[in-house]
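The residues making up each chain are set out below.
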Amino acid sequence: MKHDFSKLPEIFDRYPSAPESLIAVLQDIQKEYNFLPCHALEETAKRLGVPLSKVFSVSTFYNAFSLNPKGEKVIRICVGTTCHIRGSKQIQQQLENLLKIKAGETTEDGKFSIEVVACVGACAMAPVVAVNDEFHGGVTVANVKRLVKTNKKD
Amino acid sequence: MVSLTINGRVVQAEEGEMLLAVIRRMGIDIPALCHHEAVEPFGACRLCTVEITKESWNGWKNYVTSCLYPVEQDLIVHTHSAKVIELRKTLIDLLLARCPGSPEIREMAAQYGVNETSYEPVVNGDNCILCGLCTRICSRLGFNAISTVGRGHTKEVAPPMKEAPPDCVGCLSCALNCPTHVIKFTDVNGKRTIWGKTFELLTCKECGATTITREFAEALSERRGIPMEYFEKCDACHRKELSLTMGAVVGWAREEQS
Amino acid sequence: MRIETISQLKDLRKTNLERMNKHPRTVLICCGPGCLANGAKKISDEFHKVIKDKKIKGFSVEALKETGCHGFCEQGPLVIIEPDGVFYTKVKVRDVEEIIETSIKKKEIVERLLYTNAADGKTYTDYKEIPFYKLQNRIALRNIGKIRQCDIDEYIAIGGYEAMAKALSKMKPQEVIDEVIASGLRGRGGGGFPTGRKWATCAKIDDEPRYVICNGDEGDPGAFMDRAIMEGDPHSVIEGMIIAAWAVGSHNGYIYVREEYPLAVVNLQKAIEQAQALGLLGENILGTGFDFDIHVSRGGGAFVCGESSALMLSVAGEVGEPRAKYIRSVQKGLFDKPTVLNNVESYANVPVIIAKGGKWFSSIGTAKSTGTKAFSLVGKVRNTGLIEVPMGTTLKQIIYDIGGGVIKDRPFKAVQTGGPSGGCLPEEKLDLSVDFDTLTQAGSMMGSGGMIVMDDRTCVVDVAKYFLQFLIDESCGKCVPCREGLYQLHALAVAVSEGRATEEDLDKMEKLSENIVIGSLCGLGKSGPNPFLSTIRYFRDEYLAHIRDKRCPAGVCRALITYKIDPEICNGCMACISACAHEAITGKKKEPHFINQDKCDKCGACYAVCQHNAIEVV
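Protein chains in written order, with the numbering used here: chain A, 25 to 178; chain B, 36 to 293; chain C, 14 to 631.
Because the hints were derived from the structure by calculation, they are not lab data.
From the three backbone atoms N, C-alpha and C, an ideal C-beta is built for every residue, glycine too.
There could be a bad hint or two in this list.
Covered stretches of chain B, going by a simulated chain C footprint (3 or more residues, C-beta under 8 Å) [to be verified]:
| # | stretch |
| --- | --- |
| 1 | 69-80 |
| 2 | 113-122 |
| 3 | 133-145 |
| 4 | 172-178 |
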């Protein structure tokens, strides 16, 4: 897959070229490309003066980063305690069956990814499902079908 | 100087020393799988845990890893109390569940009376106990070729992108210091392969034995200012040359005296 | 427009207050986490659009305010009309025009949008009278839901940054520390360490530079207090940090925000820029000669980074693997320099402590746990939301008087506090005072403030299993007791939930837990077994039912339950057939349906959708 790496210098320029900028830089790269391409990791190592092994270590330690492209729409199911006791597991199963992928995977057409998140801080509206930056509260097994349908349309 | 009690004996120690150093100096043997003199203490294996207390603590005890705990005046330390032994037994039992096939772990477990693990064997475990010695030593040597990848139970040691590590020089420090001998390498036909990367081994001009990799030699040469020619001889031949030279020097000294 | 002196700040306050008072009647649209997830933005947009179009005399869009979390999330989306406190609940976009016509053009009420208390049937107009609000004492949350969120002008208008001005100009650093010590403030992140003492220790260390960090990594599932503060009143945190920096002699601060809170990052960044523009952050603050600036540091997504040493490593761009605490972070913290780390809510309390005095603060709450605490009251409780009560309030008061009791009047089973490091407290413990030490003695802990209510349909074995799974996923993996020990403890909990365990296994779990507690490197591991230890302490019988009778009394553990449709009740509506993802239910329309146990996955989807109570869990 071809990527436009000309964006990288602009990302690097946003932060001081020092090791402490590593996580912020990786987050911006993740946002730009929807994952962390190998080449971007190599360039980051050079620019920030951090060993490549460390860049890789940080990329795989934190939940925010993925080494494989995520879908256009990332469906995040909150599996925090409140959502859990209000039935997030059933919703996860329903979504996995509807999209025919498991949590952590992406559909073949690259349109959807399913992820589980420990808590997004909207506990009063449990169960919560987020599609990219849009949050939906009070999700049920019944209305999650509608949610997927609406998102398939765009 | 600091005065403290270990297993009932009063000992002196330097301010800033870690308990483990003092304990070892006294000849007391406690395991410390993730410990190595060349790198900072890590506190990962927890096997060197000891029980500490002070008279002013009114019977309250704490359990700390001796590799990382600095000596304190009037500290009372027990290296083999019942709770500590039980902790070590549990730790080794857990490690045995992770690496049931490791002879080194089996041997250590047998010493604690654990012949089979009481837990569920880990499904995809290898014999790596994640002590971190390989990555820490590699970092200390300045190569940073490998690191820990991932987090938690599925954490592993691997090169970047799980491909041949660009920064590895084939020095073998990782493999030779691994407590469970997990890191494999081969030296065959003048070539060394480790972490999926192949290196050319230099040979001694005198006796033909293989010495170190070209990459390692170049790194040492660059960093320490050692001329590359030095690496054209193996250690044995260097020593031979040195002993001949020293022999000559001793000879001249005797001549001068007489 | 920089403010160069304290008297200029006073002038700005006057100007801003006058401007605010030009709009005596305001509409507050709650944009807290819950309401936001429920469409608050669309409601706000509609308000703005309609007000602009209608051109009402004496009322402009400037009187519309998007605020932080007002608190009563269960009733959201919320719209409040001040100064009367008219409280509209479950507002929809199509209600906006009616609200404007009725309550803004005229001063009348839209009756159907008011709150009715299920307990006594009373309908309330003014929110301040509602028991949910009346029983609270909002100090850390004082501004949230009242002022426009992330607006420095409103913050200054109501007295913001005056405490900072007082500290910087009239108090020596040691006096600030003494005031905080006198307040008795203890860390609101859950550790409960005396804040003043922490600052005092740091101030004495002979090393430079020093750092002040705010821990915004609220990782406990079920907790969103810090999120509400960071989004709804970021200036209170900034002001608290400046005061802390003055006290310990720091010139550089960081706010570490978890990756899962993008809006908090945006609002904090915006607030910092507002403060910098006015000269309240940066060099020579208010002409006092004191320099201090704050950077927002984004987390990468790791619960373990809520632990102080891991957090500091993460700020430095490393993996968040905690270090042993024998050398404290006040001495060697960020970049190995003296660092003060405090929680969001702790900082939010500081300006009030300086303004009103430590003695005033210590007069609230209990002797050893002074002040108030914010909680996110969630789970199977009627009135879910964000609350703040004096320390010493009982669990019963919180769950029943404020919370309105368990939903659908089901029997109360337990309340979980302290997140994954905490525990479950049963009905017998409802009279316990909520304070640091009482909760710890009872086998739970205060934690950051998540309070999750559970009913009889919650299985404690399932809860223990859930938390252990969470901890395994979030463990950094460095030390053996946590990485391997919690993994095995979880495996044993799974065995219990599947009816495969023996009573010896329970003993094994208890012994293993003890060793994980002693042996672990950091707090995550040390408190990891708590979900199991607290539930086995109070609900041993439930564990034994799983083991001896191979039965799950709460009807949750899949291996031990069966879903059955009662043919007498089932009216054949086919709702369950649509919901079933495993094609396990058969039946024609208007005829009783039947679950094929061989295909049934026990997911409970059918039970969730059945409107006729025709499905039972056996």
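> Among the hints numbered above, which are violated by the structure, and what are their numbers in rising order?
Replying inline: 3, 4
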